[in-house]
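A.B. asks: So the chains spell out like this:
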Amino acid sequence: MAKADYEIPGLSQYVPVPKLEPGKMEHSSPFIAKPEHNADLGFPGELVDDWHDKAIDKMGDLLKKYRSLQVFMDICVKCGACTDKCHYMLGTADPKNMPVARQDLMRSVYRRYFTWPGKHFPKLVGARDLTRDVLDEWYSYYHQCSECRRCSVYCPYGIDTAEITMAGREILAHVGMGQKYSNEIIGKVYKIGNNLGLPGPALENTLEGLAEDIEDETGIAVAMPMDKVGSEVLLITPSADFFAEPHVDGLMGYAKVFHEAGIDWTVSSYASEAANFGLFIGNYDNMEKIAKRIRKASIDLKVRRIVHGECGHAWRVAYSFWNTLAGPFDYLDSNYPVPQHICELTYDLLQAGKIKLDPSQNDDKVLTFHDSCNVARGSRMGDKPGGQFDIPRALIKAACNNYVDMARDTINEHTFCCGGGGGLLTDDLMELRVKGAMPRMQALNEVVESDKVTHVAAICAICKTQFAKTLPYYNMGMDMIISVHHLVGDALIMSDVPEDKEEEDEDEARAQD
Amino acid sequence: MAIELNGKTYETDEEGYLADLSQWDEDIATYMANDDDIELTDAHWEVINFLREYYEEYQIAPAVRVLTKAIGKKLGKDKGNSKYLYQLFPYGPAKQACKFGGLPKPTGCV
Numbered sequence: 000m001a002k003a004d005y006e007i008p009g010l011s012q013y014v015p016v017p018k019l020e021p022g023k024m025e026h027s028s029p030f031i032a033k034p035e036h037n038a039d040l041g042f043p044g045e046l047v048d049d050w051h052d053k054a055i056d057k058m059g060d061l062l063k064k065y066r067s068l069q070v071f072m073d074i075c076v077k078c079g080a081c082t083d084k085c086h087y088m089l090g091t092a093d094p095k096n097m098p099v100a101r102q103d104l105m106r107s108v109y110r111r112y113f114t115w116p117g118k119h120f121p122k123l124v125g126a127r128d129l130t131r132d133v134l135d136e137w138y139s140y141y142h143q144c145s146e147c148r149r150c151s152v153y154c155p156y157g158i159d160t161a162e163i164t165m166a167g168r169e170i171l172a173h174v175g176m177g178q179k180y181s182n183e184i185i186g187k188v189y190k191i192g193n194n195l196g197l198p199g200p201a202l203e204n205t206l207e208g209l210a211e212d213i214e215d216e217t218g219i220a221v222a223m224p225m226d227k228v229g230s231e232v233l234l235i236t237p238s239a240d241f242f243a244e245p246h247v248d249g250l251m252g253y254a255k256v257f258h259e260a261g262i263d264w265t266v267s268s269y270a271s272e273a274a275n276f277g278l279f280i281g282n283y284d285n286m287e288k289i290a291k292r293i294r295k296a297s298i299d300l301k302v303r304r305i306v307h308g309e310c311g312h313a314w315r316v317a318y319s320f321w322n323t324l325a326g327p328f329d330y331l332d333s334n335y336p337v338p339q340h341i342c343e344l345t346y347d348l349l350q351a352g353k354i355k356l357d358p359s360q361n362d363d364k365v366l367t368f369h370d371s372c373n374v375a376r377g378s379r380m381g382d383k384p385g386g387q388f389d390i391p392r393a394l395i396k397a398a399c400n401n402y403v404d405m406a407r408d409t410i411n412e413h414t415f416c417c418g419g420g421g422g423l424l425t426d427d428l429m430e431l432r433v434k435g436a437m438p439r440m441q442a443l444n445e446v447v448e449s450d451k452v453t454h455v456a457a458i459c460a461i462c463k464t465q466f467a468k469t470l471p472y473y474n475m476g477m478d479m480i481i482s483v484h485h486l487v488g489d490a491l492i493m494s495d496v497p498e499d500k501e502e503e504d505e506d507e508a509r510a511q512d
Numbered sequence: 000m001a002i003e004l005n006g007k008t009y010e011t012d013e014e015g016y017l018a019d020l021s022q023w024d025e026d027i028a029t030y031m032a033n034d035d036d037i038e039l040t041d042a043h044w045e046v047i048n049f050l051r052e053y054y055e056e057y058q059i060a061p062a063v064r065v066l067t068k069a070i071g072k073k074l075g076k077d078k079g080n081s082k083y084l085y086q087l088f089p090y091g092p093a094k095q096a097c098k099f100g101g102l103p104k105p106t107g108c109v
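Chains A and B are the protein sequences, given in the same order.
Note that numbering that gives the first Met the number 0 numbers the first sequence so that position 409 is 408, with each residue one more than the last.
Note that numbering that gives the first Met the number 0 numbers the second sequence so that position 25 is 24, with each residue one more than the last.
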């Protein structure tokens, strides 16, 4: 845990609406992308000379392309319902982190250039010129929104601040002010195949090592194949699942489920990434290009199904946008959902009795579940409304006897962002991430104290990393965060455990007694 | 940005990672560690050297599990875990040890 030279919010019994501190976070701004990072994505390398006209032109384009943006610019009645719903506002006390204020950063410019009263009487209608200061203000505060959409749940008009943030970032990128973290990562997807920059040979070596670990633990040779043509399933998963903890235990859980169910699967070295940061930067072309890599991999590998690992925004992109971005997927097996989430796959196998879990394996734990924003508010699972809430919880409950939910206004569609979503999971925004984590940490801390919760499970790589990094700031252990499929993997009854391994385990158990 | 040390100039990025991997030497590693209030011991060097060897072969830092396994094999099972690595590199073994070792920072959801 890095030292903090800022005040870390305290945790109380509820999340108080803070006393506003104007300008509190105006210094927070992520690193600007280097020219080569912007160029890889088709953006100008540096701030262009005619940035003012280019930005207004781009805003005009976006207002035409996305009718929702036009409606959101016009429809807000300043009712105030959103003001205390943003985790960054609650954690930082900066009034510009109120969703309505974040929208107004763009709305004021929209009025000046695109409405009659704003063109003629700007001061009367809160319209302002697009100046260099305004551009910098956009860069700062459009990178203090994780595009989590919690505010939109409470807006009586359904204004989605995430779409406005995306439009803001898109305009900034088009005048040469891209964000380093997201743009460098997207470039790596094009050049190497994933966000990490993990080349094929390293991925193969990593998978072999993980298969060895599973064999050491269970005595069973579980395949973890790469680029296996003709497999039934192509698994696409965040590359953090290959690399980081606690993510990697989730990946080993998927592998065990596939093995036990007899499903032949593979990952692709060409599209070894589920994440699609094109969504975060609000750029349709890049989102499309990334999605089409997965389509190409699925065709080249002649698979019949595509299954998504535990990644929040990738699931939203796949579930909500894939059909028009990269579809149709009529070459895949229509007996299964396209795309299918790993939680749906495991849940269906459990329902059909094809796999069995022994929840007593996790008796040392008391679990709660953190709903990830893009799954909770941007997609669905299974064939019933609310499946995205019920299916992961059903899996956890099948894998563990002790489960408690956090407070009702912090779960399901009301879930609080972990504080690191939407392209903000970068060290240069650590202050924002720590402060923005506060509302989620408050709800978690409450069940730790009331119900002795030991672990929080999640199905998103960003959430997992953000929790591991921020839990210690709130005096909780970084190893509290766990993958849902880690729990599943530990509880899974493997039917082909060799007898000598069973005896060995029994001996070990006896020795421990 | 740059670090001046013993008459040599080391170019770094905004976050203090070496811009040119070939410029790395033990002096700069020690300097960066001291800057983070860490004195490099043999235990730290075991990790840094493994990272550099792995990077040489695969052009990426090893996954945390690959690293813990390798360290466990070399130094004993009790040290083959991320807890041990966090004791050595409190800001996270992947990022801090990569920095001292002159390797680029891992990117993505990590």
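Take the hints with a grain of salt, since some may be wrong.
To be verified - Here are the in silico distance ranges between beta carbons for each label pair: (1) E503(A) to K82(B): 24 to 30 angstroms; (2) E3(B) to Q12(A): 50 to 56 angstroms; (3) K396(A) to W44(B): 43 to 49 angstroms; (4) Q69(A) to E25(B): 23 to 29 angstroms; (5) E14(B) to P15(A): 29 to 35 angstroms; (6) D34(B) to D332(A): 52 to 58 angstroms; (7) M225(A) to D34(B): 50 to 56 angstroms; (8) G59(A) to E13(B): 14 to 20 angstroms; (9) P200(A) to N80(B): 24 to 30 angstroms; (10) E216(A) to K82(B): 29 to 35 angstroms; (11) D499(A) to E25(B): 27 to 33 angstroms; (12) G44(A) to T8(B): 23 to 29 angstroms.
No lab work stands behind these hints: they were computed from the structure.
Predicted model, so just to flag it, every value in this text is computed and none were measured.
Yeah, the Cβ is synthetic: ideal placement off N, Cα and C, and Gly gets one too.
A.B. asks: Could you run down the list of hints and mark each one as holding or not?
C.D. replies: Hints versus structure:
Between E503(A) and K82(B) the Cβ separation comes to about 26 angstroms, which falls inside the hinted range of 24 to 30 angstroms. Taking the beta carbon of each, E3(B) and Q12(A) are about 52 angstroms apart, inside 50 to 56 angstroms as hinted. The hinted window of 43 to 49 angstroms between K396(A) and W44(B) holds, with their beta carbons roughly 47 angstroms apart. Between Q69(A) and E25(B) the CB atoms are about 59 angstroms apart, so this pair departs from the stated range of 23 to 29 angstroms.
Separation of E14(B) from P15(A) is about 34 angstroms and conforms to the stated range, judged on CB atoms against 29 to 35 angstroms. A hinted range of 52 to 58 angstroms for the beta carbons of D34(B) and D332(A) is consistent with their spacing of about 55 angstroms. The given range of 50 to 56 angstroms is broken by M225(A) and D34(B), whose C-beta atoms sit roughly 39 angstroms from each other. Range check, G59(A) to E13(B): Cβ separation about 34 angstroms, and the 14 to 20 angstroms hint is violated.
Hint check: P200(A) to N80(B), Cβ distance near 26 angstroms, so the stated range 24 to 30 angstroms holds. Evaluation of the 29 to 35 angstroms hint for E216(A) and K82(B) yields a failure: the beta carbon distance comes to about 19 angstroms. Checked against the given bound of 27 to 33 angstroms, the beta carbons of D499(A) and E25(B), roughly 47 angstroms apart, lie outside it. Distance hint check for G44(A) and T8(B): the Cβ-Cβ separation is about 25 angstroms, which falls inside the suggested range of 23 to 29 angstroms.
Consistency note: the structure conflicts with the earlier hints numbered 4, 7, 8, 10 and 11.
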